[in-house]
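Asker: Just need the whole structure built from these sequences, with the hints factored in.
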Amino acid sequence: MPRKTPGKNTQKPKASAAKPAARGKRTLSLAHCSGAEVFHRMLQDEGVEVMFGYPGGVLLPIFDEIYQSPIRFILTRHEQGAAHMADGYARSTGRVGVCLATSGPGATNLVTGLATANMDSIPLVAITGQVRTSLIGNDAFQEADVSGLTRPITKHNFLVKDVKDLARVLREAFHIARTGRPGPVVVDIPVDVTVNRLDGEPSLAMNLPGYKPLLTGHMPQIRAAAEAINASQRPVLYVGGGVILANACDALRRIVAKGRLPVTTTLLAMGAVDESDALSLQMLGMHGTVAANRAVQNCDCLVAIGARFDDRVTGKVATFAPHAKVIHVDVDPASIAKNVPVDIPVVGDAADILGKLLPLIRTVDRSPWLAQVAEWKKKFPLRYAAQGKIKPQEMIAAIGAATDHNAIISTGVGQHQMWTAQFYGWRRPRQIITSGGLGTMGFGVPAAIGAKIGNPKSTVIDIDGDGSFSMTMVEIITAVHNDVGAKFVVLDNEYLGMVRQWQELFYGKRYSHVVHRCPDLAAVARGFGAQAATVSERTEIAGAIDEMLACDGPFVLHAKVDPEENVFPMVPAGKSLDEMELGELGTLA
-17 MPRKTPGKNT QKPKASAAKP AARGKRTLSL AHCSGAEVFH RMLQDEGVEV MFGYPGGVLL
43 PIFDEIYQSP IRFILTRHEQ GAAHMADGYA RSTGRVGVCL ATSGPGATNL VTGLATANMD
103 SIPLVAITGQ VRTSLIGNDA FQEADVSGLT RPITKHNFLV KDVKDLARVL REAFHIARTG
163 RPGPVVVDIP VDVTVNRLDG EPSLAMNLPG YKPLLTGHMP QIRAAAEAIN ASQRPVLYVG
223 GGVILANACD ALRRIVAKGR LPVTTTLLAM GAVDESDALS LQMLGMHGTV AANRAVQNCD
283 CLVAIGARFD DRVTGKVATF APHAKVIHVD VDPASIAKNV PVDIPVVGDA ADILGKLLPL
343 IRTVDRSPWL AQVAEWKKKF PLRYAAQGKI KPQEMIAAIG AATDHNAIIS TGVGQHQMWT
403 AQFYGWRRPR QIITSGGLGT MGFGVPAAIG AKIGNPKSTV IDIDGDGSFS MTMVEIITAV
463 HNDVGAKFVV LDNEYLGMVR QWQELFYGKR YSHVVHRCPD LAAVARGFGA QAATVSERTE
523 IAGAIDEMLA CDGPFVLHAK VDPEENVFPM VPAGKSLDEM ELGELGTLA
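Reminder that position 371 of the sequence shown reads as 353 in this note's numbering, one-by-one numbering, no gaps.
No wet-lab data here; the hints were simulated from the structure.
Check the hints yourself; a few may be wrong.
[Stated by the list, open to error] The calculated lysine-lysine pairs, modelled on DSSO-like cross-linking and capped at a C-alpha distance of 27 Å, are:
1. Lys373 - Lys360
2. Lys307 - Lys320
3. Lys320 - Lys557
4. Lys360 - Lys338
5. Lys360 - Lys240
6. Lys557 - Lys360
7. Lys557 - Lys307
8. Lys491 - Lys298
9. Lys542 - Lys373
Answerer: Below, the structure written as structure tokens:
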């Protein structure tokens, strides 16, 4: 590189903004601040860049500060949308999502979003306004017991009754949300707390004597796990969303490669390993691949990492992985052996444990096992017949190809969610943004908006069903008004598809209240201010996807697909993973 010539540029360089100090290290001056001012200064200190929410009377002091705050505020059309946007932002970035709602119905409208985040261990801080402290318990206008309502569906919650406690509580809320097993935290703030002023500097020291998440794995247990893996002839890694939350995917991939270990993922862990890898078995469970389920049922060592043995994964628990020594790695000790007996428990952060496990893993010759796994993959691939009406699977596969399998994809819940998991082709972590444990319809639209705000340079697409899309499509207005260029693909089969599938297979085709007719969704989207298109013929698919991806702003692609296409493979409820329905291929036992 050539040296700079002295004197060439005599203009003084512009002063650059000082880098913020590490979280919790900078010196805050909060003396004589109002609670609303404390609120905003603490959020800035926590590195918050964006909030999602909706105003109301008891939040007016806070919104008066928002008027001049550097934090971007996204006004949603419904508080549920605010919670899901904060969730999509958090899942896709790894940062804490923040949402804000007023008292009473504003707070209760967050409940579905909080429960969704809680089931999937997503770090959120939800701020709710509350009636003034003197009115709490008097059934005041728009009063609700937010602490009581949210206690079962959050990691923790706070009711702040004194402005002196506000700064400390906010610091604690962010710390709890992002550490250990992440989760949503609610901070309920009465309006008088936001108006009252501090006399002096408040204490910022956290007071959490009972909260000490164990992050460092116990070395003897890690060695025992390594010995069991190395001694096994038919190992399988069963990877859950905790690996992505812990940012442990690099270590996981190195262990897979070094040990030549077949690996299957849950819905929330898709992308933790590249599905183009020969050792990837893709998803396991109710709608998992034949190869994944057969490998689990025939393995002699099952290594669960950041997974909780959900019923949609295990099928009939009594027959799950019957020949396996089970190793369970999880940061939450309460999750270990909760559903399935465990031989070697390892408590701690997945990144720490996998980092320590990597040098202990040996490359073992398991040629017969790898050959068997490869045979299952070849004999029972995911498949569909591209004939007749547009198949939802071919729309998803076409989107995967057009985006080089690199987009961030959100979904609602139903058949389209399972097809997206099966056919998109996942390459990296934090690609799939979907509701796992709670199964929340309506999640896809707002989650895509939150993910796009958190990743403005990435392509973000909501692949949705007509039922899920209809629940929250009003948030397209939010995307339009905030110039958020997320894309929305609606696979419209004119049914509530997953319920219809179960009624077909198990209730004699008695289709009770599952016919779901939508208006012209492209016209609706244009009315909202978005660009849109409709496809109903196979020859239109490629051009419509190209048009959608070329659009700078929000775009809705309404795809009319085969109304009675079913999701296969399928393990019926209460059945073993060995008992898979394969559609036209019959039952695999």
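Asker: For every hint, state whether the structure bears it out.
Answerer: Each hint, compared with the structure:
1. Lys373 - Lys360: holds (22 Å)
2. Lys307 - Lys320: Measuring from Cα to Cα gives roughly 16 Å; hence the hint holds.
3. Lys320 - Lys557: holds (20 Å)
4. Lys360 - Lys338: This hinted pair is violated, its Cα atoms lying about 34 Å apart.
5. Lys360 - Lys240: This hinted pair holds, its Cα atoms lying about 23 Å apart.
6. Lys557 - Lys360: holds (24 Å)
7. Lys557 - Lys307: Distance of about 22 Å is within 27 Å: holds.
8. Lys491 - Lys298: With a Cα-Cα distance of about 25 Å, the restraint between Lys491 and Lys298 holds, given a limit of 27 Å.
9. Lys542 - Lys373: holds (9 Å)
Of the numbered hints given earlier, the model fails hint 4 alone.
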